[in-house]
Amino acid sequence: MILRRCIACAITVILSLPCAHAEKSDAFKSAIEIPAGVYRPLFRGENDPREIRIPRFFIDAHPVTNADFLEFVRANPKWRRSTVKRLFADDGYLRHWMDDLTCGDGRGDQPVTFVSWFAAKAFASWKGKRLPTTAEWERVAAAGFESADGSKEPRFVAEVGRWYSTPAPRTLPEVGQSKANFFGVYDLHGLIWEWTSDFNSAIVTGDARSDTGLERQLFCGAGSLGANDRTNFPAFMRYGFRSSLKAGYTIHNLGFRCANDP
Amino acid sequence: MKWPFFITLLSGLTILNCGADEAKSSAKPPCCREALPLGAYTDQSLYQLDSKWTSDVSRELKLGVLRGRPQVLVMFFAQCEYACPRLVHNLKALESAMKVDLRQKVDFLLISFDSDRDTPEALRAYREKNKLGMANWTLLRGAGDDVRELAALLGINYVKDARGQFAHSNVVTVLNADGEIAYQHQGLEDGSLKIIEILERLTADAARPSGRKTSQ
Chain A
34 MILRRCIACA ITVILSLPCA HAEKSDAFKS AIEIPAGVYR PLFRGENDPR EIRIPRFFID
94 AHPVTNADFL EFVRANPKWR RSTVKRLFAD DGYLRHWMDD LTCGDGRGDQ PVTFVSWFAA
154 KAFASWKGKR LPTTAEWERV AAAGFESADG SKEPRFVAEV GRWYSTPAPR TLPEVGQSKA
214 NFFGVYDLHG LIWEWTSDFN SAIVTGDARS DTGLERQLFC GAGSLGANDR TNFPAFMRYG
274 FRSSLKAGYT IHNLGFRCAN DP
Chain B
174 MKWPFFITLL SGLTILNCGA DEAKSSAKPP CCREALPLGA YTDQSLYQLD SKWTSDVSRE
234 LKLGVLRGRP QVLVMFFAQC EYACPRLVHN LKALESAMKV DLRQKVDFLL ISFDSDRDTP
294 EALRAYREKN KLGMANWTLL RGAGDDVREL AALLGINYVK DARGQFAHSN VVTVLNADGE
354 IAYQHQGLED GSLKIIEILE RLTADAARPS GRKTSQ
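Keeping their order, the protein sequence lines are chains A and B. If you want our numbering, it's the 1-based position in the first sequence plus 33. If you want our numbering, it's the 1-based position in the second sequence plus 173.
Okay, chain A solo, but in the shape it has when bound (with noise of 0.2 Å):
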């Protein structure tokens, strides 16, 4: 009988715990080692290179969590949802979170989204680390199950082209649910979308098929820009996005994760 009630009693307090989440492995949590190696830009101008080396990097092996964001939060309180600056994300910030320091119950493990860029990379050097730069981003994303380049993989491409074509769960699913791919890194395809540090360099306009006179117009250089794989669908929804983004936007299914230096 006691022993019962106190069983609930923890279950309770469990429960009550504003963003509780279950511990996870060290190997879960902790950043992966990108070897050295090459990213194919999917535009290029005519004297680009077709590959650009990207020397050796850590990233996180999941998306940041609420829980996570939440430790930011009560440390650097000007990046409260009832404090952070409009210049610096719009007013969807953080919405889902109950009020500035709760985040809701079972929402721990959750991807953190509604977040802007700037909340992105004041977390990532509260951190010690920085946002992938959109080239490592997909140089990771590019990898399969098995191999290095998921293209070759027709499991990995199906799977991928499903999650592009279903729109977004009203409640998302925890981080690491997914299958890792082939250097360990959950998520990058079928939860959410990411920012990255430099996803302000995408050079396209909404209508942008060719090179065309408006692009010509908004963009200085733009009209020596050409595709360089036209088959990589889920890549050129990822350009499209990034390129309609602005730093303080803040969306119910983008969210980050962090890299650093060796």
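Note that these hints are calculated values from the structure, not bench results. All figures in this text were calculated on a predicted structure; none of them were measured in a lab. Quick reminder that beta carbons are idealized off the backbone N, C-alpha and C, glycines included. Treat each hint with caution, since some may be false.
[To be verified] With a straight-line Cα cutoff of 27 Å, these simulated BS3-like cross-link-like pairs (lysine-lysine) come out:
| # | chain 1 | residue 1 | chain 2 | residue 2 |
| --- | --- | --- | --- | --- |
| 1 | A | K279 | B | K367 |
| 2 | B | K265 | B | K367 |
| 3 | A | K160 | B | K225 |
| 4 | B | K225 | A | K118 |
| 5 | A | K118 | A | K279 |
| 6 | A | K160 | B | K235 |
| 7 | B | K225 | A | K111 |
| 8 | B | K225 | A | K279 |
| 9 | A | K279 | A | K160 |
| 10 | B | K225 | B | K304 |
| 11 | A | K212 | A | K185 |
| 12 | A | K162 | B | K235 |
| 13 | B | K304 | B | K235 |
| 14 | B | K304 | B | K272 |
| 15 | B | K235 | A | K111 |
| 16 | A | K162 | A | K111 |
| 17 | B | K235 | A | K118 |
| 18 | A | K279 | A | K162 |
| 19 | A | K118 | A | K160 |
| 20 | B | K302 | B | K265 |
| 21 | B | K225 | B | K302 |
| 22 | A | K162 | A | K118 |
| 23 | B | K272 | B | K302 |
| 24 | B | K235 | A | K279 |
| 25 | B | K304 | B | K265 |
| 26 | A | K162 | B | K225 |
| 27 | A | K162 | A | K212 |
| 28 | A | K111 | A | K279 |
| 29 | B | K272 | B | K367 |
[What the hints assert, rightly or not] Each pair of labels, with its calculated beta carbon distance range:
| # | chain 1 | residue 1 | chain 2 | residue 2 | range |
| --- | --- | --- | --- | --- | --- |
| 30 | B | D363 | A | R89 | 45 to 55 Å |
| 31 | B | G317 | A | P295 | 15 to 25 Å |
| 32 | A | K212 | B | E294 | 48 to 58 Å |
| 33 | B | S224 | A | A69 | 26 to 36 Å |
| 34 | A | R107 | B | D363 | 49 to 59 Å |
| 35 | B | A316 | A | Q210 | 36 to 46 Å |
| 36 | B | K302 | A | K212 | 53 to 63 Å |
| 37 | B | D334 | A | W159 | 31 to 41 Å |
| 38 | B | L366 | A | R119 | 25 to 35 Å |
| 39 | B | V273 | A | R89 | 56 to 66 Å |
| 40 | A | G194 | B | G212 | 52 to 62 Å |
Start from chain A and add chain B according to the hints.
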């Protein structure tokens, strides 16, 4: 015989090294004014940024020193072969199209994408080549991350290509006296009329009204 030369040299130094000398030279660039004690920045002000910039007169500053007068801001780079010369040409045309009274209440601000090549010296050469007036034009360079952040705030996308040229959005931004984005003109078409109309409105209540009063 030597005095006139000495005085010329001295005044030349004053212009270049404006931070050190508070003499009432009318040729003091906007970046070298004292920051106005106007209290906290507004929530939308770009002047909240902590990033440090260097001007073509080698002055280190935060953007907040530009507070008090509207700024016409363009991001560019000195070795641009395509659009930037036209953007800067448009700005100069805009300047000449302003009435003298308005011209003395507005500053022009050029900020470079090219953190590697646009050193203060390169920017100074650019100023001279394009005859950008000392009294109302500021040319700045910053660290790569800070440039990326400022561009993000202005909604400007850019990417560097293999030759070191930058593909970038062509945008003229008008900041009000508090550093908030008041208006943006996209593209290379001349938008002077609309910009002047906006500036007329903004200067009516700016804290640093006229060019001549500020040298105190």
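For each hint, the structure was consulted:
Between K279 (chain A) and K367 (chain B) the alpha-carbon distance is near 24 Å, which keeps this suggested pair within the 27 Å criterion. Distance check on the hinted pair: K265 (chain B) and K367 (chain B) sit about 15 Å apart at the alpha-carbon level, within 27 Å; holds. A hinted pair counts as satisfied when its Cα atoms are at most 27 Å apart, and K160 (chain A) with K225 (chain B) qualifies at roughly 22 Å. A hinted pair counts as satisfied when its Cα atoms are at most 27 Å apart, and K225 (chain B) with K118 (chain A) qualifies at roughly 20 Å.
For the hint linking K118 (chain A) to K279 (chain A), the alpha-carbon distance of about 15 Å falls within 27 Å, and the restraint holds. Distance restraint check for K160 (chain A) and K235 (chain B): the Cα-Cα separation of roughly 25 Å lies within the 27 Å cut-off, and the hinted pair is therefore satisfied. Taking the CA atoms of K225 (chain B) and K111 (chain A), the gap is near 21 Å; set against the 27 Å cutoff, the hint holds. Simply put, K225 (chain B) and K279 (chain A) have alpha-carbon atoms about 23 Å apart, close enough for the 27 Å limit, and the pair holds.
A C-alpha spacing of about 24 Å is found between K279 (chain A) and K160 (chain A), which places the hinted pair at or below 27 Å, so the restraint holds. A hinted pair counts as satisfied when its Cα atoms are at most 27 Å apart, and K225 (chain B) with K304 (chain B) qualifies at roughly 26 Å. For the hint pairing K212 (chain A) with K185 (chain A), the CA-to-CA distance comes to about 17 Å; that is within 27 Å, so the pair holds. For the hint pairing K162 (chain A) with K235 (chain B), the CA-to-CA distance comes to about 24 Å; that is within 27 Å, so the pair holds.
For the hint linking K304 (chain B) to K235 (chain B), the alpha-carbon distance of about 25 Å falls within 27 Å, and the restraint holds. For a cut-off of 27 Å, the pair hint linking K304 (chain B) to K272 (chain B) stands: about 19 Å separates their Cα positions. For the proposed pair K235 (chain B) and K111 (chain A), the alpha carbon gap of about 20 Å is at most 27 Å, so the pair holds. For a cut-off of 27 Å, the pair hint linking K162 (chain A) to K111 (chain A) stands: about 19 Å separates their Cα positions.
For a cut-off of 27 Å, the pair hint linking K235 (chain B) to K118 (chain A) stands: about 18 Å separates their Cα positions. Proposed proximity of K279 (chain A) and K162 (chain A) is supported: the alpha carbons are some 22 Å apart, at most 27 Å. For the given pair, K118 (chain A) sits about 21 Å from K160 (chain A) by alpha-carbon distance, which is consistent with the 27 Å threshold. With a C-alpha separation of about 13 Å, the suggested pair K302 (chain B) and K265 (chain B) falls inside the 27 Å cut-off, and the hint holds.
Restraint check for K225 (chain B) and K302 (chain B): satisfied, since their Cα atoms lie roughly 26 Å apart, inside the 27 Å limit. Using a Cα cut-off of 27 Å, the hinted pair K162 (chain A) and K118 (chain A) holds, with the two alpha carbons roughly 23 Å apart. For the given pair, K272 (chain B) sits about 24 Å from K302 (chain B) by alpha-carbon distance, which is consistent with the 27 Å threshold. Distance restraint check for K235 (chain B) and K279 (chain A): the Cα-Cα separation of roughly 23 Å lies within the 27 Å cut-off, and the hinted pair is therefore satisfied.
Among the hinted pairs, K304 (chain B) with K265 (chain B) is consistent with the structure: their alpha-carbon atoms are about 9 Å apart, no more than 27 Å. Simply put, K162 (chain A) and K225 (chain B) have alpha-carbon atoms about 21 Å apart, close enough for the 27 Å limit, and the pair holds. Of the supplied pair hints, the one linking K162 (chain A) and K212 (chain A) holds, its CA atoms being roughly 25 Å apart against a limit of 27 Å. The hinted pair formed by K111 (chain A) and K279 (chain A) meets the criterion: a straight-line CA distance of about 21 Å does not exceed 27 Å.
Between K272 (chain B) and K367 (chain B) the CA atoms are separated by roughly 14 Å; this keeps the pair inside 27 Å, and the hint holds. Taking 45 to 55 Å as the suggested C-beta distance range, the pair D363 (chain B) and R89 (chain A) conforms, at roughly 49 Å. For G317 (chain B) and P295 (chain A), the hinted distance range of 15 to 25 Å is satisfied, since their beta carbons lie about 20 Å from each other. Hint check: K212 (chain A) to E294 (chain B), Cβ distance near 54 Å, so the stated range 48 to 58 Å holds.
Distance hint check for S224 (chain B) and A69 (chain A): the Cβ-Cβ separation is about 30 Å, which falls inside the suggested range of 26 to 36 Å. Distance hint check: the CB atoms of R107 (chain A) and D363 (chain B) are about 51 Å apart, consistent with the given range 49 to 59 Å. For A316 (chain B) and Q210 (chain A), the Cβ-Cβ distance of about 39 Å falls inside the hinted range of 36 to 46 Å, so the restraint holds. Hint check: K302 (chain B) to K212 (chain A), Cβ distance near 58 Å, so the stated range 53 to 63 Å holds.
In this structure the supplied range 31 to 41 Å holds for D334 (chain B) paired with W159 (chain A), their Cβ-Cβ distance being about 33 Å. Checked against the given bound of 25 to 35 Å, the beta carbons of L366 (chain B) and R119 (chain A), roughly 30 Å apart, stay inside it. As the Cβ distance of V273 (chain B) to R89 (chain A) is approximately 59 Å, the hint placing it in 56 to 66 Å holds. Between G194 (chain A) and G212 (chain B) the beta carbons are some 54 Å apart, a value that agrees with the proposed interval 52 to 62 Å.
When held up to the earlier numbered hints, the structure conflicts with none and fits them all.
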